[in-house]
Amino acid sequence: MVLLRDGMCPGLDEGLVRGLRAADIKTVEDLVSSDMEELAQRCSVSYKALFAIRRVLLAQHAAFPVSGADLYEELLSSTAILSTGNPSLDKLLDSGLYTGEITELSGGPGSGKSQVCFGVAVHISHQLKQNVIYVDTTGGLTAGRLLQMLQAETSNAEEQMEALQRIRVFRLFDVFSLLDCLYGLCGGGLQRASVGGGSVKAVIVDSVSAVIAPLLGGKQNEGMSLMSQVAGVLKTMAKDFNVAALVTNHVTRSGGGGGGGAPALGAAWSHIPRTRVLLEKGGDVRRPGLRSATLIKSSRRPLLIKEEFDLKWWSRSKEEGGGAAAAASGKRKRDETDS
Amino acid sequence: SEMTSQRRRREEEEVRAEMSESGAQLFARLEARRCLKDIEPRLFPGDGGPQHGEVVELYGSEGTGKTELLYHLLCRCVLPNAAGGLEADVVFVDTDYSLDMLRLVSIMESRLNSWMRENNEEACRSCLSRLLVVHCSSSSQLLLTLHFLENSFSSRPGLALLLIDSISAFYWPDRCEGGANLAKQEEKLSKCSELLGRLLRDYRITVFATCHAIRRSYSGPSSSSFSDPDRPYLCRAWQRLVIHRLLCSRQEAGNNMAATAGRRQVLTVHCTSSSSSGTKAHRSSSFYVTDGGVEFT
Numbered sequence: 001m002v003l004l005r006d007g008m009c010p011g012l013d014e015g016l017v018r019g020l021r022a023a024d025i026k027t028v029e030d031l032v033s034s035d036m037e038e039l040a041q042r043c044s045v046s047y048k049a050l051f052a053i054r055r056v057l058l059a060q061h062a063a064f065p066v067s068g069a070d071l072y073e074e075l076l077s078s079t080a081i082l083s084t085g086n087p088s089l090d091k092l093l094d095s096g097l098y099t100g101e102i103t104e105l106s107g108g109p110g111s112g113k114s115q116v117c118f119g120v121a122v123h124i125s126h127q128l129k130q131n132v133i134y135v136d137t138t139g140g141l142t143a144g145r146l147l148q149m150l151q152a153e154t155s156n157a158e159e160q161m162e163a164l165q166r167i168r169v170f171r172l173f174d175v176f177s178l179l180d181c182l183y184g185l186c187g188g189g190l191q192r193a194s195v196g197g198g199s200v201k202a203v204i205v206d207s208v209s210a211v212i213a214p215l216l217g218g219k220q221n222e223g224m225s226l227m228s229q230v231a232g233v234l235k236t237m238a239k240d241f242n243v244a245a246l247v248t249n250h251v252t253r254s255g256g257g258g259g260g261g262a263p264a265l266g267a268a269w270s271h272i273p274r275t276r277v278l279l280e281k282g283g284d285v286r287r288p289g290l291r292s293a294t295l296i297k298s299s300r301r302p303l304l305i306k307e308e309f310d311l312k313w314w315s316r317s318k319e320e321g322g323g324a325a326a327a328a329s330g331k332r333k334r335d336e337t338d339s
Numbered sequence: 001s002e003m004t005s006q007r008r009r010r011e012e013e014e015v016r017a018e019m020s021e022s023g024a025q026l027f028a029r030l031e032a033r034r035c036l037k038d039i040e041p042r043l044f045p046g047d048g049g050p051q052h053g054e055v056v057e058l059y060g061s062e063g064t065g066k067t068e069l070l071y072h073l074l075c076r077c078v079l080p081n082a083a084g085g086l087e088a089d090v091v092f093v094d095t096d097y098s099l100d101m102l103r104l105v106s107i108m109e110s111r112l113n114s115w116m117r118e119n120n121e122e123a124c125r126s127c128l129s130r131l132l133v134v135h136c137s138s139s140s141q142l143l144l145t146l147h148f149l150e151n152s153f154s155s156r157p158g159l160a161l162l163l164i165d166s167i168s169a170f171y172w173p174d175r176c177e178g179g180a181n182l183a184k185q186e187e188k189l190s191k192c193s194e195l196l197g198r199l200l201r202d203y204r205i206t207v208f209a210t211c212h213a214i215r216r217s218y219s220g221p222s223s224s225s226f227s228d229p230d231r232p233y234l235c236r237a238w239q240r241l242v243i244h245r246l247l248c249s250r251q252e253a254g255n256n257m258a259a260t261a262g263r264r265q266v267l268t269v270h271c272t273s274s275s276s277s278g279t280k281a282h283r284s285s286s287f288y289v290t291d292g293g294v295e296f297t
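Keeping their order, the protein sequence lines are chains A and B.
Position one of the first sequence corresponds to residue 1 (full-length UniProt numbering), numbered consecutively onward.
Position one of the second sequence corresponds to residue 1 (full-length UniProt numbering), numbered consecutively onward.
For the record, the hints were derived by calculation from the structure and aren't laboratory data.
These numbers come from a predicted model, not from an experiment.
Every residue gets a Cβ at the ideal spot worked out from N, C-alpha and C, and that includes glycine.
Misleading hints may appear alongside valid ones.
As the list claims (entries may be wrong) - Cross-link-like lysine to aspartate or glutamate pairs, in silico, EDC-like; alpha carbons within 20 Å at most: (1) A:K26 <-> B:E187; (2) A:K219 <-> B:E186; (3) A:K281 <-> A:E308; (4) A:K219 <-> B:E177; (5) A:K239 <-> B:E87; (6) A:K239 <-> B:D100; (7) A:K297 <-> B:E62; (8) B:K184 <-> A:D180; (9) B:K191 <-> A:D24; (10) B:K191 <-> A:D30; (11) B:K191 <-> A:D35; (12) A:K91 <-> B:E186; (13) A:K26 <-> B:E186; (14) A:K297 <-> B:D291.
Stated by the list, open to error - Counterexamples of contact, computed for chain A against chain B with all Cβ distances above 10 Å: (15) G19; (16) L39; (17) R42; (18) S77.
As the list claims (entries may be wrong) - Computed from the model, here is a short list of chain B residues facing chain A with C-beta under 8 Å: (19) D96; (20) R103; (21) V105; (22) A123; (23) R125; (24) L131; (25) V133; (26) Q141; (27) T145; (28) H147; (29) S152; (30) W172; (31) R175; (32) C176; (33) Q265; (34) V266.
Extracted from the complex, chain B is given alone in its bound form (with noise of 0.2 Å):
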């Protein structure tokens, strides 16, 4: 028995050799991910953007372009350097199956097109290769993913970004799942919150989600003030990693539908970004979407 408790804790070491990560992995965890602070700077205050391992959040209600900075932002990181992108791999988390294949790579081709004329199939063909798709259809499965793309993440250095669309969308059936126990409720996304936190600190990745907004909020002095529509609802795990919040609205222009038809409708994002001492930074931009995808005013 001294033999084979020996020969169980050789086994264990050689195994324990092999599962502890070997010198490649160890420095595609630590080598800088692509810092991602340059993504959009008319986004964020001051020269500020995301830095690494930060969260930022889109949140808005439907129509008011949360989707589509998505696609601008995706664009920009898999873009050539020369087409005016970062080369930075992107993996794209749907749990809503609200990702438009066709309408990215019409975004693509039109922003390659401005920089080439000739062989945009192949450009576009090597840019999407650049992108990782993963369709998750519940909380659960959102967590099981989540594990599953660490080796993603250790294996392939270039991943600099996820992108959630959207990290609300299991809201409603964990909320009945929980009962009324409202910790039973947040369980899973504040667990998904907690793996998400600690993916950021190893390996670094910047991450965006969207957020749709749970109430309409209505203009007019009618409206219930006591219940702010843009307050954020999600778990208080989820909120603790957020570090930049994008508030996404459409410009109001009036009840009379038929005067803005055809007319480019213009939306606003409001950026507030907390830092580590406590302090708020703001900043507002505006865009409208063209066929080419999202333009600043």
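Just chain A, with the same shape it has in the complex (with noise of 0.2 Å):
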């Protein structure tokens, strides 16, 4: 809704305002919905003027349409695929995370949801060399751990530090500090956090659902349009800047029982990420780091596909990833045998 207020197109003085008031007209939608002949005359204006002014206000607050061809054309040169840094994890999603788009990971607690967005973040800070934007609201991020990943990647100290300042942390607790910090971010945080040249590609929010679950329920629609706010922010700010979202949520038990939780936030949610992939504990006892990874939601991959892999992946040392890879296949080997 936007109140109508003098000066806001040409035409548009105090007088006509305050006419317009008088005539119940009081925003735009109202003025650009009534008959523009009847008001003309209460506001004793020109019809002239009248339908100029309509005309402005229509081409300033409507949305503008684009030809899908034109929007083609921007969305091939402007997308980018950011590996994730596993492998197994890239080809469950189709070469890895896509701007403009929002992935969700979901998973009890312990599944390894926020082990896989430090990784995702140090990839980017350190192969890839972009920024990230991390906001933790769960309190589990510490530089300390990013460090020990970020040990296994380079042992020189210096990139090491770089890759560091790369990744951007907002500690927040509750809904409304975060959509304070995804609103700032949109309104010229992004480029403020643009340091060392790179430029935001990620936004990794862990997890959104610690804020939005305490809202939801009950009679209450505060929390369900508060959701609905965080999903536009979320969504706008991957589109308009070119980021790619990765979000984390917790599982509830489903409904039909049995079998493994389902996403939580509810069905209104599960419209808003493009992606959505479940993490679950692999279930070997030998293997404590080994996790599947479903993919539940996707527009271009068969739904339903598992990828395995070992947490262990973004800690390794780089030296040893192909030592490490030949002792668990010759462990296997062993245990063939054995049995």
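Hints given; two lone chains; assemble the complex.
Dropping the structure here:
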């Protein structure tokens, strides 16, 4: 709702605004929806002047249609795919996190959502040399852990510091601070956070359900409305600034019972992320870092495909990488011959 | 003062002549827009399909194929006649950034591929130029945008289809803004619906709109029977506009997710068409989603 104010457009002076208000026309929507002839008579202005004002206000406030061809061209040139650093996860996501979209990672406690987010942040800041915004609503992020992961990537202390500087952390614990932070980012914060030559390519919110879930349920509508607002600003940010948004969500026991949980935040949230991945523990006690990721929503890959990966992937050191894989396969061979 | 009032009257008459429709505009408005009755006969009962000025609502929860159906209908409209299309222009109103252009183009390319092997890019571009995309971020902006689109409808007689994905995007923010007053909660969408009704009558376009389900429908006897998850929840003014209602759902494959991995998920659509005499016709169809888009079984 946009209130009519004098000076909004040429011809809309204070006298006219007062006259319109007297005729019960207070907003741009009211003006645009009314009968021009009748209104011109009531406010004793010329039909031509009022019509011109209507045309200008409409052009200023309505959304502008874009040709599909132009939109596609723009998307081709601006969309980027960010690798998560883990080849199995990348395969699941059809090469990685797409800019302009929200990707959701859901899972129960200990399923590794935050670890995956740390790994993604470290990979983007160190390997891809781009900036990352990390919004931590659970208090689970420590610089020490990020440094540990970076030390596995490179032993050069300067590179480690550079990569750490590219990760900008916001710690907040309620939805209003989250909205404040996101609106601030949209309103210039993203440009300010672009240091060291790169630009912000990813915004990670870990977790979005921690701040929204307490507001849902009961008879209040405010929770749902705030959820819509968070979704709206995340999508706008992803689209307008070409960033990949990665959010985490917890799970609830699904209504049907049995099997794993379903992502939380309900049916209204389920439409919001473009891609959704469910993370579960691997179930093999000998490999505690093993996780399985199931694709539960995607517009690009068939549903319910699974990929397995080890959380330790992001902490493995480069030199040991090949060795660890060989050791693992060697161990498996030994087990097979045992049985 | 006699002269000034005369002059003013003459001025206004001139302006009115400018403002009122030119012959070309009148023709554009009244000329029969491409009737989209044959847009997808497999969805509608009898030999039915949406007539001029009718609204089709696609209702369902996440993952039931509503947006994929919109891509299917979009491609059907913009493709050239030789490739099985209707060569009609389309406006896509995107209210929750759900339009995936990359996915749309991949569906378009696979449909063009089955018709002509080379020069796909050129054909794709010309199809995309028949599409107008507009993004709205609030129901107030939706109202203003529909007013603005009136210009597009009057100047492009080829515009036959308006797609809205989704009409329910602002339901919760509007409800919250309206406070405890139901009429206030529904006011904005009602205004949009009334305006849409007038545009439908004046320009005879066809509208397909998706509506997200707000309650998960649980299978099994333990589900709460007093709140039907498929009951329409949007305002009356919108419900009055809807002639055809397509209920989209997933075919239940049991609780064991692993069993259905890799196998294509079958989606069903149940269509209820209300006629002017008050009778309702029904039709059920099913489809699955492939790389090339929707395929009916």
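Cross-check of the supplied hints:
1. Distance check on the hinted pair: K26 of chain A and E187 of chain B sit about 15 Å apart at the alpha-carbon level, within 20 Å; holds.
2. With a C-alpha separation of about 17 Å, the suggested pairing of K219 of chain A with E186 of chain B holds against the 20 Å cut-off.
3. At most 20 Å may separate the alpha-carbon atoms for a hinted pair to count; K281 of chain A and E308 of chain A meet this at roughly 10 Å.
4. Restraint check for K219 of chain A and E177 of chain B: the C-alpha separation of about 15 Å stays at or below 20 Å, so the hint holds.
5. Annotation: proposed proximity of K239 of chain A to E87 of chain B is violated, straight-line Cα distance about 30 Å (limit 20 Å).
6. Distance restraint check for K239 of chain A and D100 of chain B: the Cα-Cα separation of roughly 11 Å lies within the 20 Å cut-off, and the hinted pair is therefore satisfied.
7. Our distance criterion of 20 Å between C-alpha atoms is met by K297 of chain A and E62 of chain B, whose separation comes to about 9 Å.
8. Restraint check for K184 of chain B and D180 of chain A: not satisfied, since their Cα atoms lie roughly 27 Å apart, outside the 20 Å limit.
9. For the hint linking K191 of chain B to D24 of chain A, the alpha-carbon distance of about 16 Å falls within 20 Å, and the restraint holds.
10. A hinted pair counts as satisfied when its Cα atoms are at most 20 Å apart, and K191 of chain B with D30 of chain A qualifies at roughly 10 Å.
11. Of the supplied pair hints, the one linking K191 of chain B and D35 of chain A holds, its CA atoms being roughly 15 Å apart against a limit of 20 Å.
12. Proposed proximity of K91 of chain A and E186 of chain B is contradicted: the alpha carbons are some 44 Å apart, above 20 Å.
13. With a CA separation close to 19 Å, the supplied pair K26 of chain A and E186 of chain B stays within the 20 Å bound.
14. For a cut-off of 20 Å, the pair hint linking K297 of chain A to D291 of chain B stands: about 15 Å separates their Cα positions.
15. Every Cβ of chain B is farther than 10 Å from the Cβ of G19 of chain A; the closest lies at roughly 18 Å, confirming the non-interface assignment.
16. Distance to chain B confirms L39 of chain A as a non-interface residue, since its nearest Cβ pair spans about 14 Å, more than 10 Å.
17. Its beta-carbon lying about 16 Å from the closest one in chain B, R42 of chain A satisfies the requirement of being farther than 10 Å from that chain.
18. For S77 of chain A, the condition that its CB be more than 10 Å from all CB atoms of chain B holds, with the nearest at approximately 12 Å.
19. Interface hint status for D96 of chain B: upheld, as the beta-carbon distance to the closest one in chain A is roughly 7 Å, under 8 Å.
20. Interface restraint check for R103 of chain B: the shortest CB-CB distance to chain A comes to about 5 Å, inside 8 Å, so the restraint holds.
21. Checking V105 of chain B against chain A: minimum C-beta separation of about 6 Å stays under 8 Å; hint holds.
22. Look at A123 of chain B: its Cβ only gets to about 12 Å from chain A, farther than 8 Å, so that hint breaks.
23. With a least beta-carbon distance of about 5 Å to chain A, the hint placing R125 of chain B at the interface is held under the 8 Å criterion.
24. At its closest, the beta carbon of L131 of chain B sits 3 Å from a beta carbon of chain A; the interface hint therefore holds under the 8 Å criterion.
25. At about 5 Å, the closest approach between the beta carbon of V133 of chain B and any beta carbon in chain A falls short of 8 Å, and the interface hint on this residue holds.
26. At a threshold of 8 Å, the smallest CB-CB gap from Q141 of chain B to chain A is about 6 Å, leaving the interface hint in force.
27. Hint status for T145 of chain B relative to chain A: holds, with the closest Cβ pair at about 5 Å, below 8 Å.
28. The interface hint given for H147 of chain B holds, since its Cβ lies 5 Å from the closest Cβ of chain A, which is under the 8 Å cut-off.
29. For S152 of chain B, the suggested interface contact is upheld, since its CB lies about 6 Å from the closest CB of chain A, less than 8 Å.
30. At about 4 Å, the closest approach between the beta carbon of W172 of chain B and any beta carbon in chain A falls short of 8 Å, and the interface hint on this residue holds.
31. A distance limit of 8 Å between C-beta atoms decides the matter here; for R175 of chain B the minimum to chain A is near 5 Å, and the interface restraint holds.
32. Interface restraint check for C176 of chain B: the shortest CB-CB distance to chain A comes to about 3 Å, inside 8 Å, so the restraint holds.
33. Taken as an interface hint, Q265 of chain B checks out: its beta carbon lies about 6 Å from the nearest beta carbon of chain A, inside 8 Å.
34. Checking V266 of chain B against chain A by beta carbon gives a least distance of about 12 Å; that is not within 8 Å, so the hint is violated.
When each numbered hint is compared with the structure, violations occur for hints 5, 8, 12, 22, 34.
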